[in-house]
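Protein chains: 4
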Amino acid sequence: MSNSLGVLFRVTSFGESHGPCIGVVVDGCPAGLALDAGVVQSDLDRRSSSGQPGATPRREPDRVRVLSGLYRGRTTGAPICMVVDNTSQDSSAYERLAVTPRPGHADYPAGVRYGGWNDPAGGGRFSGRITAGFVMAGAIARTVLRTVNVEVCAHTVAIGAVEAPPCAPEDVPDRHRANALSCCDGAAADAMVEAIKAAQAAGDSVGGVVECVALGLPPGMGEPVFAGVESEVARALYSIPAVKAVEFGAGFALSRMRGSAANDPFAMLHERVVTTKNDAGGVLGGLTTGMPLVVRAGFKPTPSISRAQKTVNLESGTDTELTIAGRHDACIVPRAVVVVEAMVAIALCDLGLRCGAIQQVVR
Amino acid sequence: MSNSLGVLFRVTSFGESHGPCIGVVVDGCPAGLALDAGVVQSDLDRRSSSGQPGATPRREPDRVRVLSGLYRGRTTGAPICMVVDNTSQDSSAYERLAVTPRPGHADYPAGVRYGGWNDPAGGGRFSGRITAGFVMAGAIARTVLRTVNVEVCAHTVAIGAVEAPPCAPEDVPDRHRANALSCCDGAAADAMVEAIKAAQAAGDSVGGVVECVALGLPPGMGEPVFAGVESEVARALYSIPAVKAVEFGAGFALSRMRGSAANDPFAMLHERVVTTKNDAGGVLGGLTTGMPLVVRAGFKPTPSISRAQKTVNLESGTDTELTIAGRHDACIVPRAVVVVEAMVAIALCDLGLRCGAIQQVVR
Amino acid sequence: MSNSLGVLFRVTSFGESHGPCIGVVVDGCPAGLALDAGVVQSDLDRRSSSGQPGATPRREPDRVRVLSGLYRGRTTGAPICMVVDNTSQDSSAYERLAVTPRPGHADYPAGVRYGGWNDPAGGGRFSGRITAGFVMAGAIARTVLRTVNVEVCAHTVAIGAVEAPPCAPEDVPDRHRANALSCCDGAAADAMVEAIKAAQAAGDSVGGVVECVALGLPPGMGEPVFAGVESEVARALYSIPAVKAVEFGAGFALSRMRGSAANDPFAMLHERVVTTKNDAGGVLGGLTTGMPLVVRAGFKPTPSISRAQKTVNLESGTDTELTIAGRHDACIVPRAVVVVEAMVAIALCDLGLRCGAIQQVVR
Amino acid sequence: MSNSLGVLFRVTSFGESHGPCIGVVVDGCPAGLALDAGVVQSDLDRRSSSGQPGATPRREPDRVRVLSGLYRGRTTGAPICMVVDNTSQDSSAYERLAVTPRPGHADYPAGVRYGGWNDPAGGGRFSGRITAGFVMAGAIARTVLRTVNVEVCAHTVAIGAVEAPPCAPEDVPDRHRANALSCCDGAAADAMVEAIKAAQAAGDSVGGVVECVALGLPPGMGEPVFAGVESEVARALYSIPAVKAVEFGAGFALSRMRGSAANDPFAMLHERVVTTKNDAGGVLGGLTTGMPLVVRAGFKPTPSISRAQKTVNLESGTDTELTIAGRHDACIVPRAVVVVEAMVAIALCDLGLRCGAIQQVVR
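Sequence order for the protein chains is A, B, C and D.
First residue of the first sequence? That's 28 in this note's numbering, and the numbers climb one at a time after it.
First residue of the second sequence? That's 28 in this note's numbering, and the numbers climb one at a time after it.
First residue of the third sequence? That's 28 in this note's numbering, and the numbers climb one at a time after it.
First residue of the fourth sequence? That's 28 in this note's numbering, and the numbers climb one at a time after it.
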């Protein structure tokens, strides 16, 4: 396993769904940063299932405990370890999963990879619950980015077939928390809730798309050729369970355009270089252009559904059926919005430190 | 800059478009592998502009020279350095680019990042020409993967608005070299040629989509949570200039499905565990499932076009127009097919070594 | 800060002397390893000050708590987080250290580096107490190494001017725990105790040398040219506070020999290749030879002494005197023996995984 | 193999003793640095065997060729590849080494590690000749360090039993090139020459000790706890073939001192914090103190000697004798002085970039 991410801002994830806790170590955070555990808690609360349509009945208070790295309310340059305890564990439903792997879950390949020794309870290390650690690290990263006036905001742009109308990047911060779905458009949010409820009523689940913007990035950030902004951000996003697609700016639509339409013209605005549109999503040659970074992550539907599904019995080597009990979300997309923000912020914070755009000590 | 990729199979890229050569160092290649420079040359030839519709008139012979790491036709465990010389350099057209950055190119952010010291000739380090190094490393990676019966094949699935009909992953190896576009469907290939020619005639360019499959992967390969297959493959693909979107399996389409449709049912086939469809693209929880890996990369159109474009003069701080002379491709997608194969193979080779699926010495 | 070590077996350290706890995350431990917290506790107990001559009166129970990575008494392939709580904190003595840095301690350069934001209490991140985390990780590493019959043992070979007579590497395991000093020779141990007591009585401290041997290593382990055995082991050992010198085999004495005396002749013994002496310390060209690895680490005396010392007042910019209160060891060498074992084991475990000598799953 | 070193200033080594060339890629060099190939050549010339007492008759011109990364005499931020061609290859003597491994050389463990596939000619990848690449990278690193007024200088302090009297760090730059041995004391240098000649006359070889100082380092550089200055410098030095011991400041002698003698008192001097002696070698807690870095590397004698030596025949599994023909140095220490400088400079350059003491762009 490889549970560390980043070069200078390095995040190490640990913990299992039904173990004692979910945790994270953030190494390389600049020293002297005023850091309130409340900032971390606030992001954890946004990840909470509470108030989410179609969310799992598992209720975890998810109170952050900071185990290291702070002194009198400020970062010290030392690694910051944070945990949330697991309190609501119901492992009984997971006993059989090593034998009859759940479709869409990691049960089968994980069993092969770890020789059957992996923790099956609640998906163990492959549970979406580990993203609580990502969120805690992301809260630190976002606090760091704010010292250089970079704001990272994500919003739900699609749930199943329901798509929200486009929202200008600079409007996202004001609008993305307007509803429980973190959707910038109220009417679309209502339709999304209906789509989730309909899936849930059918014993089914539904996926969606989260868009994330980063505002205030200076031009020239990124480490090409192998650690350009897109490489680092995509890699971080693909660490989120259920993400199967990532695109920047106009993304796949760019491949259907001609160059004259796709290229973003440069212009001067208030003595700054800008582009008059932003189909590149704020990245050229792996480097930020100074325009908003725009990235979209496509989530597959929650693989845990109530319906019977076809699978195999690995002991007998025969086909069989499986009906998953346990608790699960009909749609994890709204809860994943803050996770997307976290991963984008972690990647940008590392790149900012690597190129010197972020200083290692707050002065 | 960060010009090394990989943990155990480590690729280091160097060279500029108009410098003496383009090169690569491959470190961590297993010892004892029979390696013919012809294998590398063959992949380089596929990247050649020769015979490609709408390709640049720049003609480089691109003959590989192996500078280290081989002994009597076999790898030794030592780093393999390979170069191709740059012979057809015409730098005269690039003098002004640092002052009037080309839309869609890295000129502007690179100038900011490197304080104006970056090599502008031919795009310098940001030229697509550096992918010759990727291809040489990819040829090694693919040779390594073949020792464990893994085959990596890419094909063009869209050029502009022209989409090829789906091709089953196992059919790609037989069909992907049927035409100059590396398209598995002849009629689509013809239409793609027309689309490229039309763009070229209009002084314009066009993008497209390349799909890559990897056959024969064992289940359980990958290093979650931060170096799962998707993370590592996407990161590698986003190192290719012009890639703006990457998706696995059904990709963004999964976000519009319900779970009951998206999940791939498991079944036994010839005493092996398979899935009866493969919308996951062969990856669950960041680990290979044993089904074909399927990934698609969306390319933006070549930013270099003959038409006048709006840009800025960085010296005077005013808006201006730019018409790009120099040589460029109306569509780089067909030439990028082998580059996509290379990057996917490099990522998989590294993951195979990291989990022990590939041995460090050929015995 | 850079608080992670290793490529495939990766150790991340966190915690401060007077924070809530000292902890470590071990990532990359093979799955399926029977792991008793008692093994970890046993090593922690050896690091304890209890029973050590001249040791600090600070008494920490140092009970390990495993926060992740185990399931039903076995490793799962997931990261293992372990902590010991800090219970005996007396920070009052440390208030002034940021202003009047202690000679021989990190107070001054750390204040510069972290802009004065570093945690000063008990030395914060620079306290020898963080080695409790190293020891916990080392206990895991040593358990892994035992699966391939490698045993790592350290012993005290010098305290101040008292040197123990040489002990053959293969005799160390039986003899190194014979006394509180982990010295293989009883008479020398007695003299060492006297040396420590004499220093303590004088309000002073004393250093020493720890030798570590690793038995059972297969030939050919190591990752030259930049991650050979010596590079990786030395790097790990220099992470231990107070280590100022590291040598392998005959070490500095080799530089005074002629080649005919320094070279270790090869010979066949029981159908194995051996060397008839081992001045190379079991390493040639950065690779293990199959002979015992022998490495020595020189420790400076504990910088905290009771005597008045000359230092500066950083606020007034004037010279001043400092008398350190607080609790400290007159000699940390005996307590460091298990820390040396830990760091050597961590480095070897990583190298063993990197070359495939250690498998990633216990079968 | 692991042939890359460094995090932000990353050096990748390639090439074999009898292959086409020896090379290196330096990635992460700040952009805008005026770089004359003459600077690199000058260091290569210091490594040359020409004029060295007891040096190999192999004469390589070792002219550097820069393959990438420079534009109009300045660095561009792109990776810098440099090579020297191998021209004087005489492989005939090495045919049998895979069967009868040379004592003190890597032949035996390398054969085990690489399954017999490693290049045996001239030691292949394990030849001291690969340090030509280290020297080229070191010349870049030293040029970078000079932009922040850091000077790295090494000198020979012992050859066999001959020891030079101590030389104050600040005097080394003026005196270390006074003779062919890079010894700061003329009389000692003469005695060293005699020691080398005596060994050579006896068909034998001799080792020695090189001390390196770095002047002008700012306080607070280093990345504890696992990448402190001593860890990074020692790791780099142990990459040099024949180094078996590394110590900082008073080194092993510190372990025989009491704390009151070992601690370096702080004092104010010209409004700067200094220590009134420097037994710590300029490092506390893994961080530079602002005093000169002082490190010593102990070299074993050249393992290639003309005398008959005992070894084994790996094919027959019997003991045998070996007399090494081929060309070799009776003492490599004087030639290694510039290699030591290179490795120390490379490590410091990386640490300087990691903490922001060195900027990524020259402005």
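Simulated from the structure, these hints should not be mistaken for lab results.
Keep in mind that the hints are not guaranteed to be accurate.
A pair counts as met if it fits within one copy or between any two copies, since identical chains are not told apart.
Pairs of lysine to aspartate or glutamate residues, derived as EDC-like cross-links and limited to a Cα-Cα distance of at most 20 Å, are as follows [what the hints assert, rightly or not]:
#1 Lys337 with Asp231
#2 Lys337 with Glu178
#3 Lys224 with Asp112
#4 Lys337 with Asp201
#5 Lys304 with Glu197
#6 Lys337 with Asp112
#7 Lys304 with Asp198
#8 Lys337 with Asp306
#9 Lys304 with Asp63
#10 Lys224 with Glu178
#11 Lys304 with Asp231
#12 Lys224 with Glu190
#13 Lys304 with Asp72
#14 Lys304 with Asp346
#15 Lys337 with Glu348
#16 Lys224 with Asp306
#17 Lys337 with Glu298
#18 Lys304 with Glu221
#19 Lys304 with Glu348
#20 Lys304 with Glu342
#21 Lys337 with Glu87
#22 Lys337 with Asp72
Please read these numbers as outputs of a predicted model, since none were measured by experiment.
To see whether the hints hold, each was checked on the structure:
Proximity of Lys337 to Asp231 under the C-alpha cut-off of 20 Å is restricted to the intra-copy arrangement: shortest distance 15 Å within a copy versus 50 Å between copies. Taking CA atoms no more than 20 Å apart as the test, Lys337 paired with Glu178 passes in neither setting, with 44 Å inside one copy and 29 Å between copies. Proximity of Lys224 and Asp112 under a CA criterion of 20 Å is satisfied in neither setting, with 30 Å inside one chain copy and 46 Å between copies. Taking CA atoms no more than 20 Å apart as the test, Lys337 paired with Asp201 passes in neither setting, with 45 Å inside one copy and 32 Å between copies.
In this assembly of identical chains, Lys304 and Glu197 lie within 20 Å of each other by CA distance solely inside one copy; the values are 13 Å within and 41 Å between copies. In this assembly of identical chains, the alpha carbons of Lys337 and Asp112 never lie at most 20 Å apart, being 34 Å within a copy and 48 Å across copies at closest. For the identical chains of this complex, Lys304 and Asp198 are intra-copy neighbours only, at 16 Å inside a copy versus 41 Å across copies, given an alpha-carbon limit of 20 Å. Taking the shortest alpha-carbon separations for Lys337 and Asp306, only the inter-copy value of 15 Å comes in at or below 20 Å, while the best intra-copy value is 42 Å.
With identical chains, the CA atoms of Lys304 and Asp63 are never at most 20 Å apart, being 37 Å at best within one copy and 43 Å at best between copies. For the homomeric pair Lys224 and Glu178, neither the shortest alpha-carbon distance inside one copy (32 Å) nor that between copies (43 Å) is at most 20 Å. Taking identical chains as interchangeable, the C-alpha atoms of Lys304 and Asp231 lie at most 20 Å apart only when they sit on different chains, with a minimum of 19 Å there against 39 Å within one chain. Taking the closest pair of Cα atoms, Lys224 and Glu190 come within 20 Å of each other only inside a single copy of the chain (16 Å); across copies the shortest separation is 35 Å, beyond that limit.
Taking CA atoms no more than 20 Å apart as the test, Lys304 paired with Asp72 passes in neither setting, with 35 Å inside one copy and 37 Å between copies. In this homomeric assembly, Lys304 and Asp346 come within 20 Å of each other (Cα to Cα) only across copies, at 15 Å, whereas the closest approach inside a single copy is 53 Å. For the homomeric pair Lys337 and Glu348, the shortest alpha-carbon distance inside one copy (5 Å) is at most 20 Å, but the shortest distance between copies (61 Å) is not. Taking the shortest Cα distances, Lys224 and Asp306 never come within 20 Å of each other, neither inside one copy (34 Å) nor across copies (24 Å).
For a Cα distance limit of 20 Å, the shortest separation of Lys337 from Glu298 across copies, 16 Å, qualifies, whereas the shortest one inside one copy, 62 Å, does not. When the C-alpha separation of Lys304 and Glu221 is checked against a cutoff of 20 Å, the pair qualifies neither within a copy, at 34 Å, nor between copies, at 29 Å. Taking CA atoms no more than 20 Å apart as the test, Lys304 paired with Glu348 passes between copies only; the shortest distance there is 16 Å, against 51 Å inside one copy. Proximity of Lys304 and Glu342 under a CA criterion of 20 Å is satisfied in neither setting, with 57 Å inside one chain copy and 22 Å between copies.
In the homo-oligomer, the alpha carbons of Lys337 and Glu87 never lie at most 20 Å apart, since the shortest distance is 31 Å inside one protomer and 54 Å across protomers. Proximity of Lys337 and Asp72 under a CA criterion of 20 Å is satisfied in neither setting, with 36 Å inside one chain copy and 46 Å between copies.
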